[in-house]
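Keeping the supplied structure of chain B fixed, place chains S, V, F, A and Z with the ligands upon it in accordance with the hints.
Residue numbers (full-length UniProt numbering), protein chains in the order written: chain B, 1 to 96; chain S, 1 to 96; chain V, 1 to 358; chain F, 1 to 358; chain A, 1 to 467; chain Z, 1 to 467.
Using 20 Å as the maximum straight-line C-alpha spacing, the simulated EDC-like pairs for lysine to aspartate or glutamate come out as follows: (1) 165(V) <-> 211(V); (2) 333(Z) <-> 334(A); (3) 208(V) <-> 365(A); (4) 356(V) <-> 107(V); (5) 27(F) <-> 58(F); (6) 208(V) <-> 240(V); (7) 27(F) <-> 301(V); (8) 258(F) <-> 289(F); (9) 81(A) <-> 150(A); (10) 27(F) <-> 376(A); (11) 165(V) <-> 373(A); (12) 455(A) <-> 462(Z); (13) 356(F) <-> 101(F); (14) 87(F) <-> 101(F); (15) 455(Z) <-> 336(A); (16) 455(A) <-> 200(F); (17) 258(V) <-> 114(V); (18) 165(F) <-> 369(Z); (19) 356(V) <-> 101(V); (20) 81(A) <-> 82(B); (21) 455(Z) <-> 462(A); (22) 333(A) <-> 334(Z); (23) 27(V) <-> 373(Z); (24) 83(A) <-> 150(A); (25) 333(Z) <-> 462(A); (26) 356(F) <-> 345(F); (27) 338(F) <-> 70(F).
Worth flagging that the hints you see were computed from the coordinates, not collected in a lab.
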Amino acid sequence: MLVQNLAILVLAGFVGFAVISKVPNTLHTPLMSGTNAIHGIVLLGALIVLGLGATGALDQILLVIAIAFGTINVVGGFLVTDRMLGMFKAKKEPEE
Amino acid sequence: MLVQNLAILVLAGFVGFAVISKVPNTLHTPLMSGTNAIHGIVLLGALIVLGLGATGALDQILLVIAIAFGTINVVGGFLVTDRMLGMFKAKKEPEE
Amino acid sequence: MAETQNIAVGVPRESAPGERRVALVPKVVGRLRAAGLDVVVEPGAGGGALMSDWLYEEAGATLGDPWACEIVVKVAAPTPDEIHRLKPGTVLIGFLGTDVEALSTADVHGFAMEAIPRISRAQSMDALSSQSSVAGYLAALLGAQHLTRFYPMLTTAAGTVPPAKVLVLGAGVAGLQALATARRLGAQTTGYDVRPEVAEQVRSVGAKWLDLGIEAIGEGGYARALTDEERAEQVRRLNEAVIGYDVVITTAQVPGRKAPVLVTGDSVTAMRAGSVVVDLAGESGGNCELSVPGEAVVRHDVTIVAPLNLPAGMPEHASELYARNVQALLELLVDQGKLRLDFSDEIVAAACVTRKES
Amino acid sequence: MAETQNIAVGVPRESAPGERRVALVPKVVGRLRAAGLDVVVEPGAGGGALMSDWLYEEAGATLGDPWACEIVVKVAAPTPDEIHRLKPGTVLIGFLGTDVEALSTADVHGFAMEAIPRISRAQSMDALSSQSSVAGYLAALLGAQHLTRFYPMLTTAAGTVPPAKVLVLGAGVAGLQALATARRLGAQTTGYDVRPEVAEQVRSVGAKWLDLGIEAIGEGGYARALTDEERAEQVRRLNEAVIGYDVVITTAQVPGRKAPVLVTGDSVTAMRAGSVVVDLAGESGGNCELSVPGEAVVRHDVTIVAPLNLPAGMPEHASELYARNVQALLELLVDQGKLRLDFSDEIVAAACVTRKES
Amino acid sequence: MSWLQDPATIQCLYIVAFALFIYGLMGLTGPRTAVRGNLIAAVGMAIAVLATALTPGMGNWWLILLGIALGTAVGVPAARKVKMTAMPQMVALFNGVGGGAVALVAWVEFRQSNGFTGEPLYVSIATLFAAVVGSVSFWGSNVAFGKLQEILPGRPITVGRMQQPLNLLLVLITLFCGVAVVAGGTSELLMIGLLVASALLGVAVVLPIGGADMPVVISLLNAFTGLSAAATGIALNNTALIVAGMIVGASGSILTNLMAKAMNRSIPAIVAGGFGGDGTTASASGGPTDKTVRRTSASDAAIQMSYARQVVVVPGYGMAVAQAQHAVREMAKELEAKGVNVYYAIHPVAGRMPGHMNVLLAEADVPYEQLKEMDEINGEFARTDVALVIGANDVTNPAAHTDPGSPIYGMPILNVNESRSVIVLKRGMSHGFAGVDNELYYDPRTSMLFGDAKKSVSQVVEELRAL
Amino acid sequence: MSWLQDPATIQCLYIVAFALFIYGLMGLTGPRTAVRGNLIAAVGMAIAVLATALTPGMGNWWLILLGIALGTAVGVPAARKVKMTAMPQMVALFNGVGGGAVALVAWVEFRQSNGFTGEPLYVSIATLFAAVVGSVSFWGSNVAFGKLQEILPGRPITVGRMQQPLNLLLVLITLFCGVAVVAGGTSELLMIGLLVASALLGVAVVLPIGGADMPVVISLLNAFTGLSAAATGIALNNTALIVAGMIVGASGSILTNLMAKAMNRSIPAIVAGGFGGDGTTASASGGPTDKTVRRTSASDAAIQMSYARQVVVVPGYGMAVAQAQHAVREMAKELEAKGVNVYYAIHPVAGRMPGHMNVLLAEADVPYEQLKEMDEINGEFARTDVALVIGANDVTNPAAHTDPGSPIYGMPILNVNESRSVIVLKRGMSHGFAGVDNELYYDPRTSMLFGDAKKSVSQVVEELRAL
Ligand SMILES: NC(=O)c1ccc[n+]([C@@H]2O[C@H](COP(=O)([O-])OP(=O)(O)OC[C@H]3O[C@@H](n4cnc5c(N)ncnc54)[C@H](OP(=O)(O)O)[C@@H]3O)[C@@H](O)[C@H]2O)c1
Ligand SMILES: NC(=O)c1ccc[n+]([C@@H]2O[C@H](COP(=O)([O-])OP(=O)(O)OC[C@H]3O[C@@H](n4cnc5c(N)ncnc54)[C@H](OP(=O)(O)O)[C@@H]3O)[C@@H](O)[C@H]2O)c1
Ligand SMILES: NC(=O)c1ccc[n+]([C@@H]2O[C@H](COP(=O)([O-])OP(=O)(O)OC[C@H]3O[C@@H](n4cnc5c(N)ncnc54)[C@H](O)[C@@H]3O)[C@@H](O)[C@H]2O)c1
Ligand SMILES: NC(=O)c1ccc[n+]([C@@H]2O[C@H](COP(=O)([O-])OP(=O)(O)OC[C@H]3O[C@@H](n4cnc5c(N)ncnc54)[C@H](O)[C@@H]3O)[C@@H](O)[C@H]2O)c1
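One chain only, chain B, in its complex shape (with noise of 0.2 Å):
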């Protein structure tokens, strides 16, 4: 399971050092967050942890922050590299 596990942890690492070899310069911001966007995933730990059953209040109330935190990772990092991305769907629209 560790070893599969290693594997595509060495995949996903070339897939991400691959797929980004040159980027313009201006991409880099919405890049960055688009990126950061998708760590949000970690909110799929804090579902897992306390949703098969995390039990004292401390806890509950740690993971329901963790919860609240990725959701703001996610929400929040897809919309704002939308907007960012907006510059450029603006292109030349009077003309057309």
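Just chains S, V, F, A and Z with the ligands, lined up with the frame of chain B:
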């Protein structure tokens, strides 16, 4: 196990896709030859099946052939690729 | 004395007024010497092109009487006087013109440079092309010199002057060269010709093509003469087109005929004051109605220049190119230092306008 | 009759021989009219530039006696006759020259175009620059016209001619323009100046820089005169350098002095036959020892051209640029249709060479 | 419903989810596909969350919904309302909370498993790694946010020569707590010690870094958060977390590197700055003033222009010196091919001789119709998206209008500063012919592309072609 | 030794191996890193084989060694001795045996497991998939080899209108056998039927494809073999096989696509040809002769020139028509930056007026020193690696020397055919001014880059920049 393997499969597909995005035509043939050598990895399949105890004579003959085939693929593939790529090394030696 | 057995090429001093060219230049003399020919140069022959006698001597020529040589090379057609000085059987090379009666009575082999066929193999002997290049280049400069305005666009602290518009009528060798030269100087160029296939060539020197919708494709790559209606129509449409241009350079010729009139007096009246017409067809009557061949006149505030013998205005290089053409022809006529006229050769046959009775 | 209250600008016909320019062109007349000035043009004033009287009238000028106007604009300095025709208190604008005695006795305000300071704000009035541009352009063409060879490289069936090498001595406004123009025509260009900072400017028009190792930086962006040793050394090194060039264009001037001799007779002798020297400093004595100002002479098979008043060779645009310079100056001198001389203004103060005693 | 809750189904959904992440990320690397790429990644995220919700035995729904509601309530308005200029700090904040979530989950895991008793070694190591990195990322990002939002001062804040020993101490404490836990320690104090020490570390490292370097730091922390998510994935044996986390970790590292390069900074130098080393802070080169200029890069200039409707090229003496005319013409052609209107604004005295620009542009075969005189073009600038000033200086200097003491006062100029943005190509901050400073360069709408004009323009051409 | 044989160790070695594959493959995509990339991948392969050898319980060593020895004895000399021109068929052969190995392994697995009794469904499906694809690949590759080696005729071989029904039949048989086995059939006849039917399918599909399309077909089969290896990996639960196979499958597909595009062919058209559809076969356009010309692409021209020591540009009327002079100059600059000597060979009558080329090249600012007259350059061609003929035709036509009947007989020409290779840029096969055919274009050392000269040269410039 299977799903993990599927995950690996998908990731590997993305890697293959992302790595070969834009390659100059002149490198097409060496690249084909290089990837060809890599799928010589089937040798491993033959090794495992034979090594982990195939017994019948026919099976053993088939597997020896399979190993021979795999070896040809691997060894020949890498060598031929290297020779093809020789032309990229030849450049401008007389000058420098 | 093996050398005395070589046949000799004589280079007279050109006698035509204003002719500054010479049929051979020192550089080419050297090559002919190397090919086993003697060269006799009349003293002062290169004077018009600012090439002194000692340059010829240095190249291996002797100074002396060129008319006694087996081969005499000239630029312009010989005068009657000069024809008298030719020995019978002499090979005479030059622009011999259409009037070859006198020559044939003198019993010489006359090779006319303008009669060399325009086939690929003969391109190195094509003096019409080489001299037209010179003429085209100088025509563009002449336009710039007489124009009261700049060719190029210029944005300065004292305002912007727009680029001059140059129209070239007749896009043969000279016309294309004029277009290219004017464009180099920054003018906006347009070309026109009756042969429609020239449009691509005009564009290939960065000029626009003026399409009037009249075509006249003749033989051998030359234009044919237009019918009367066609001519009238052409002149009418040109009258309209010409008005917008600062410089109009005309090069339209039809071999063996009077040059067509392309720019009428009316057109000139309608042109902007200070504009220029450069008429390269001056020798065959001119493409502009108001041209005075050999002069620059101002009519209706437009300068009309109709130079005669424009190539003589750049004598050294014009002579050099001409001499190379002559050299290439000589190589065809002379074999190992001996004259050998092979009239079965297409070029020799076509170029020979008079032939000694033998 | 509000119009009669406008002050009037008079444009005489230039009287200097060969002067084809005119101080105002119709286009600028229109603008002055729009700015509330009357313009009186002497009949035939634009004739030399091929601009007819009715063009002026169309632009709003009246034909009449320009000398009666409050402001008289000229190109060349007025002759004594002309000075007599000026009313006291008239504002006279033009290239007034160094001899202003006569003017000051005539009690007029003389504004010399050549005295306008070369500061950024005054660039639109800088007639020296605008006329130098014209001169530089024409100098390059003059070289091409007198050279017995091509400027551009040309590979033809009759052999290849190499590009001409053009050297420009003195890379001020005219020199740079000459370099740029010659290069456009395909020549290989090289520039030289005593002011080393000009090297970058020479390269910026695609020319090479000839480094002789002599520097002479004067005031206000002009060159200073060289010391005797410096001059001797410069001439010696130039003698060597000049030999390899087909065309040498000289523009070296030091304000208020005789032009330095840069091309000696010896250099000319050593140049290749057929080469050309174009001497733009003809008016101040010439940069070439053998120059005959105003003529084209052949010495040692080298053509030496020393034109006087070259800008007059392209009268329409030269006049137009000059007129724009004059217009810019007038805008400084005239306020709402009234003369208002503000001698505290740097430009007004510097340009005014004689002042009416008030 | 049963097959839906089959672990295989969930795993397959995870695979679909990360495939969408990757596909979306590929889209994000090109301006044309970026918007769609972001959407695709978002869909992937939705699928991943749904798949998790399907996990058999999930409970605590109310709490989960509470958390999600809270997060949405905070995140959506924040993302919607933030000003475009405040985007970088918003990203920092979002990144920070992500790291915070990781750290919290790790803490709870510690508590739930009673200090990892009975868990395999790799689980404890991965969880602790996640805790440390998440905590550093959370606090570091918050400091970065504070600096950019100007809650904290933007300049480097250090404790002087004590910086390095302090950092070292924090690292040692973190390590000690971690090792103790792995070795079997179950005291929660160890875990809290680890979280606090790494939190302090995050603060201590980011505080000394200057505001100009912040974007790079945020990107670095972003990559860290990704790695911590991957570690959580390993601990929880969750493929989606592993893949998504690792992709962010890898691409984030590359991205950080690219960003640092584009800003002419090296990551070690920046981080060294954080560790009290001698990483010099980025500042405008040259210019004795304390005004700052904004640098830009060829690729940014290219993108900016390719999305413009109208670009006006303002050539000057520098273009002539660099002999950049051919490259300029080429650039214009590329832009025209993208549907951009290109004009050339020719100032009467640009260059060093009358008509200097004309000669050069004609040589490069620029159509006469595109050359505009000053009077003609000055009205156009207000309608121009980008004014590209190539080696021109004096002829664009607003001092000619505004400063009566200036030697160029009274000279008409090209009003490039009226256009929406200005990109100036020159080698450094040196003066033009008139020898005076140019206020234009300090205008917030101006960015400078330093370097020889020919080289810069050629780079822009390349970038345009790559778009 | 024990820890070495730990499955975890072996798995880790596999991970290292495939990481090296990927890294190597990345290297193979650039000319500078390709050689090293290939080596790295080979090292990865060695590690994978070693790791497999470590698997606990391995036996049959002698047989294994026998197989390896056999393979080496055949493979090494074959790879060493093959002529450069025969490389493509050698690759086909190697690919084929790889597919063969997969098919054989699948067969043995079937036999060993007694028709997959007791194996999970996915094992049987994956194995059968491997068997079919491996078999198709083996036989298809062998046919491709035969065609390229000219053992089989290169032209398409079909059974006419029966082709489609035949192929369909073979597909159905294959499917039937496969489904039967999956459904529980254990008869070995089913397996043999499947192998035979897919073998015939491989032959039947490749035979009708013309020789010109072979490289694309080989690449496609290569991708297939990769997929079959991945399937084997799934069946054997072997990560290395899965990853390596899948990478080859994916990259091979992309590569096939790229190759087809570069040859102006579409994969569906090619395969349709194999299935008896109307995929027209690639042939030289224009020209009534049956002589063929070799096409090339901008990227190949770029690579060829960038690795040359000397390139001579031969401009002609076509360059003038296309007004390509600026692009040509740019290209020369790129080449010079790469250390290539560039000259321009100016024929006396190139173009349509004396000095035509001079005017244009001067406009583009080509230094005079690089312009060479005919006499000067003709001696140089023998020392020239690439002669790049841009829109010139008559002036390079050897008929001027060899064919007394030709209208250009006797005209001096540029001896471009003496240089090591010639690239001709023109729009099609039409004639020049003299209206005669040019033998040069059919020379084996000549390749044609069709298209407008300006566009072609600009593409070459782009490719040069991308190198
Ligand atoms: N046109 C005329 O007739 C004439 C005649 C004489 C004087 N002038 C004067 O010249 C000035 C012309 O203004 P302008 O804006 O054209 O030029 P400018 O004000 O002189 O500025 C030129 C700028 O180009 C930059 N530069 C130089 N070489 C460069 C290179 N290789 N690459 C990139 N940038 C380079 C320089 O900055 P860096 O060093 O930082 O790169 C400099 O600031 C005016 O002041 C005018 O009055 C004009
Ligand atoms: N120089 C002179 O003074 C002069 C004067 C008159 C005649 N000539 C004659 O002209 C000929 C000159 O020879 P040359 O080799 O320069 O030219 P050429 O033989 O006329 O061939 C030009 C070639 O360029 C190609 N082409 C045309 N437009 C193109 C474009 N846009 N892009 C790419 N290719 C293009 C054409 O082929 P595609 O259509 O297939 O593209 C054509 O085959 C000689 O035969 C000479 O005798 C010369
Ligand atoms: N085959 C060769 O090697 C070769 C060599 C040299 C020239 N040529 C060709 O021969 C042709 C003629 O060359 P040339 O320069 O000696 O021609 P030219 O001097 O006889 O005439 C000049 C041009 O005027 C044009 N013209 C004639 N009547 C006209 C009219 N009414 N209106 C407008 N234009 C008119 C002609 O079409 C021609 O283009 C050219 O096309 C040239 O390419 C071929
Ligand atoms: N600030 C402005 O706006 C402005 C406007 C116009 C001109 N200028 C500058 O003023 C300078 C002079 O312009 P100009 O053309 O009127 O100058 P000019 O006509 O007085 O002199 C021409 C050139 O000759 C050079 N020269 C003098 N003696 C020489 C010698 N012995 N050898 C070689 N060269 C010698 C000078 O350096 C000068 O470059 C130029 O550099 C120009 O840029 C500035």
